[in-house]
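A.B. asks: Each chain is listed here by its residues.
2 protein chains.
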Amino acid sequence: MAEEFDTDKYPHINQGLAGIVAFSTTKSFIDGQKGELIYAGYTIETLAENASFEEVCFLLWNDRLPNQQELDDLTRKLQQSRSLPEPVLNYIRDTSDTAEPMSVLRTAVSMLADSHEVDTDKAKVFRINKAISITAKMPTIIAAFDRIRNGKDIIEPLDSKSTAFNFLYMLNGEEPGEQAEKTMDLCLILHAEHGMNASTFTGRAICSTEADMFSAVTGSIGALKGPLHGGANQAVMNMLLEIEDKGDDPVEYIKERLAGKEKVMGFGHRVYKTMDPRARLLRKESKRLSKETGHEELYNWSEAILETMKSEKDIDPNVDFFSATVYYSMGIKPDLYTCIFAASRVSGWTGHYIEQAENNRLVRPRALYTGEKNLDWVPVEDR
Amino acid sequence: MAEEFDTDKYPHINQGLAGIVAFSTTKSFIDGQKGELIYAGYTIETLAENASFEEVCFLLWNDRLPNQQELDDLTRKLQQSRSLPEPVLNYIRDTSDTAEPMSVLRTAVSMLADSHEVDTDKAKVFRINKAISITAKMPTIIAAFDRIRNGKDIIEPLDSKSTAFNFLYMLNGEEPGEQAEKTMDLCLILHAEHGMNASTFTGRAICSTEADMFSAVTGSIGALKGPLHGGANQAVMNMLLEIEDKGDDPVEYIKERLAGKEKVMGFGHRVYKTMDPRARLLRKESKRLSKETGHEELYNWSEAILETMKSEKDIDPNVDFFSATVYYSMGIKPDLYTCIFAASRVSGWTGHYIEQAENNRLVRPRALYTGEKNLDWVPVEDR
Chain A
45 MAEEFDTDKY PHINQGLAGI VAFSTTKSFI DGQKGELIYA GYTIETLAEN ASFEEVCFLL
105 WNDRLPNQQE LDDLTRKLQQ SRSLPEPVLN YIRDTSDTAE PMSVLRTAVS MLADSHEVDT
165 DKAKVFRINK AISITAKMPT IIAAFDRIRN GKDIIEPLDS KSTAFNFLYM LNGEEPGEQA
225 EKTMDLCLIL HAEHGMNAST FTGRAICSTE ADMFSAVTGS IGALKGPLHG GANQAVMNML
285 LEIEDKGDDP VEYIKERLAG KEKVMGFGHR VYKTMDPRAR LLRKESKRLS KETGHEELYN
345 WSEAILETMK SEKDIDPNVD FFSATVYYSM GIKPDLYTCI FAASRVSGWT GHYIEQAENN
405 RLVRPRALYT GEKNLDWVPV EDR
Chain B
45 MAEEFDTDKY PHINQGLAGI VAFSTTKSFI DGQKGELIYA GYTIETLAEN ASFEEVCFLL
105 WNDRLPNQQE LDDLTRKLQQ SRSLPEPVLN YIRDTSDTAE PMSVLRTAVS MLADSHEVDT
165 DKAKVFRINK AISITAKMPT IIAAFDRIRN GKDIIEPLDS KSTAFNFLYM LNGEEPGEQA
225 EKTMDLCLIL HAEHGMNAST FTGRAICSTE ADMFSAVTGS IGALKGPLHG GANQAVMNML
285 LEIEDKGDDP VEYIKERLAG KEKVMGFGHR VYKTMDPRAR LLRKESKRLS KETGHEELYN
345 WSEAILETMK SEKDIDPNVD FFSATVYYSM GIKPDLYTCI FAASRVSGWT GHYIEQAENN
405 RLVRPRALYT GEKNLDWVPV EDR
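The listed protein sequences correspond, in order, to chains A and B. Take 45 as the starting number for the first sequence in my numbering and just add one per residue. Take 45 as the starting number for the second sequence in my numbering and just add one per residue.
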């Protein structure tokens, strides 16, 4: 049996693996027609209304919600795991201020492996402890790099409070209000898990070689960095800021882009054929927040763009479209948006790692060879 | 259209994506029945006999062999790109001596991104220049870490000589002989490319989000680190050393492992149904080298193990089986074997990156959801 095939025998290439079912999972379910998203049994609306990010982490790692003692235990472990090892702090201080935040996050998470013992224990509890350790440290990495590149001191994490609270505290150097913490917590919940997207899939492919969790999460961060995946919310914000800079009318701006066959970021999704349920939840948050923080204009533009895209192209916004204005209203720089996405999605990535490791098969698809065969060697002087 | 499906509607899960054609490629062709491997038109035997690793790099990036000027140009660029940026050297000096070499390689390659300008230029020449930069630096990273963890000074790369020569020179602190350079060059050629394996596939999946080449190669290193993929040659050597330590008879040792249903590393392959052509080439090299360096016993054991596996299980050795003894005979520590694999395979990974980037579609397969749906929220105190 050949690995790479002749075109005439095996003509079908599954471009982008679209429609190919690669794994079974208990982590999430998406109904793209209905605009429905479920994490391990619970609709995203139920979780957005009731859960904390910490409860969602437990859910994605254990496929059930924690009882009070389990939740307290997880919260304490996360709080105790937020500090970064010295070599990681040295790297963050040492590297270029102009480094891309997602690159720094990828490197720092990869480096965390050096401070962990190489564990050969395959028990689920060890895997969950590693997931806790990585999840706890990602906001610290992002905040530390943002402080350093702006010439500020790194803020040590608190050994109390939620992930959302600590993240905003380490980023801004002051304790966030209750509403800001709640909004950040909602954003972390909404981005935590989303089926077999490219970064989650990458992590499972890496896991399938029996590589460690640091390798898998590092690979996932790299995949999320791409503008076609996690980079979209940053692109949405840049678009809104460009409209503001130029003093353009947003509707005209969008129509021009469409006429020029340019992509409008934050719209459409391979999965959803109606509005992404996360966009629906963030739309409300964006409206409320932009009013409170005096960025109402940005929200109004978003709505005008949404209407234009619907009437011109019948395309709905995705999660990136409203998360951009929500983060902007909270004073977070656009080039950190994808990092926040990663700090949330790591809960899903590690949940998938645990699931893959427990029922593994090496991921090794095929490629169709379309090149030459059996060419004769020609010495370099005769080429 | 739903992303995750109900079992009864879509019962087929493509475990490990076995048999699924994911891409077309001009990089390599494998005929697993005949034991044939082709890189961009040339059989592995032709390349092993005639080419240098530098020519193979050019071939995998350009789909043709270089003329003299092009080869000189590539060789010079590689020579000029071997030195590491200061933050990467600082990291290598700073991290734990007990860190895993593949983890250090993954982190250091990820860190290289910070020293490169974020290029928005999509021209092929820029991508090839980035591939040159990464390929040139990987041996330097591996050698620097190995020196540092052994309390030795880092050896600066030469701005002359081949990749193979420099690698051995930086590792050992002395210039290698002609035969040692040739053997290392052969190993680099044989590991450069091999179809849609897990690490190459991971790199293409990361590339498909339009993430940069550093992200893709970092992910590939993580995938290669797994014992089911690149970690196998180290496991083969550890097995041979265990036989030596215990004074066991290798044939009895293997029979015991088989009787205990334990895996014997270095045998079998999802693709090859006969002897891996790379194993055939390395078998000769292993025989010659182990005689020259006084490790003939190890070679004889390898042959005995090979015969036992053939007669007991009808399984042939793969590339990892003989590369282990070749590296060992050259005095290289077993935990660096997978790093050498990576330092070679980066040529194929980057070749695939360039190919994917030029004809891209986002990789996003599906998963079958097997969990619960629409569970009701229960407050934490009632759980």
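Keep in mind the hints are simulated off the structure, nothing from the lab. One or more of the hints may lead you astray.
Note: identical chains are not told apart, hence a pair may lie in one copy or across any two.
Claimed, not checked - Straight-line Cα separation of at most 27 Å, DSSO-like style, residue types lysine-lysine; simulated pairs: (1) 417 / 357; (2) 290 / 354; (3) 307 / 166; (4) 196 / 290; (5) 317 / 354; (6) 317 / 417; (7) 196 / 78; (8) 357 / 168; (9) 305 / 290; (10) 205 / 417; (11) 328 / 377; (12) 335 / 168; (13) 331 / 377; (14) 226 / 417; (15) 196 / 377; (16) 226 / 377; (17) 331 / 417; (18) 205 / 166; (19) 168 / 417.
A.B. asks: The structure should be examined with respect to each hint, and the outcome stated for every one.
C.D. replies: Comparing the hints with the structure gives:
For a Cα distance limit of 27 Å, the shortest separation of residue 417 from residue 357 qualifies neither inside one copy, at 46 Å, nor across copies, at 32 Å. In the homo-oligomer, the alpha carbons of residue 290 and residue 354 lie at most 27 Å apart inside one protomer (24 Å), although the nearest pairing across protomers, at 73 Å, exceeds that limit. Taking CA atoms no more than 27 Å apart as the test, residue 307 paired with residue 166 passes between copies only; the shortest distance there is 17 Å, against 45 Å inside one copy. When the C-alpha separation of residue 196 and residue 290 is checked against a cutoff of 27 Å, the pair qualifies neither within a copy, at 31 Å, nor between copies, at 58 Å.
With identical chains, the CA atoms of residue 317 and residue 354 are at most 27 Å apart within one copy only, with a shortest distance of 12 Å there and 54 Å across copies. With identical chains, the CA atoms of residue 317 and residue 417 are at most 27 Å apart between copies only, with a shortest distance of 20 Å across copies and 44 Å within one. For the homomeric pair residue 196 and residue 78, neither the shortest alpha-carbon distance inside one copy (46 Å) nor that between copies (63 Å) is at most 27 Å. Taking the closest pair of Cα atoms, residue 357 and residue 168 never come within 27 Å of each other, the shortest separation being 47 Å inside a single copy and 33 Å across copies.
Proximity of residue 305 and residue 290 under a CA criterion of 27 Å is satisfied intra-copy only: 20 Å inside one chain copy versus 69 Å between copies. For a Cα distance limit of 27 Å, the shortest separation of residue 205 from residue 417 qualifies neither inside one copy, at 63 Å, nor across copies, at 31 Å. In this homomeric assembly, residue 328 and residue 377 come within 27 Å of each other (Cα to Cα) only inside a single copy, at 21 Å, whereas the closest approach across copies is 59 Å. In this assembly of identical chains, the alpha carbons of residue 335 and residue 168 never lie at most 27 Å apart, being 45 Å within a copy and 47 Å across copies at closest.
Proximity of residue 331 to residue 377 under the C-alpha cut-off of 27 Å is restricted to the intra-copy arrangement: shortest distance 19 Å within a copy versus 60 Å between copies. For a Cα distance limit of 27 Å, the shortest separation of residue 226 from residue 417 across copies, 26 Å, qualifies, whereas the shortest one inside one copy, 61 Å, does not. Taking the shortest Cα distances, residue 196 and residue 377 sit within 27 Å of each other inside one copy (15 Å), while across copies they are farther apart (43 Å). Only within a single protomer do residue 226 and residue 377 lie at most 27 Å apart by alpha-carbon distance; the minimum there is 19 Å, versus 52 Å between protomers.
In this assembly of identical chains, the alpha carbons of residue 331 and residue 417 never lie at most 27 Å apart, being 60 Å within a copy and 30 Å across copies at closest. Proximity of residue 205 to residue 166 under the C-alpha cut-off of 27 Å is found in neither arrangement, the shortest distances being 31 Å within a copy and 45 Å between copies. Only between protomers do residue 168 and residue 417 lie at most 27 Å apart by alpha-carbon distance; the minimum there is 24 Å, versus 47 Å within a single protomer.
Taken one by one, the earlier hints fail for this structure at numbers 1, 4, 7, 8, 10, 12, 17 and 18, listed in ascending order.
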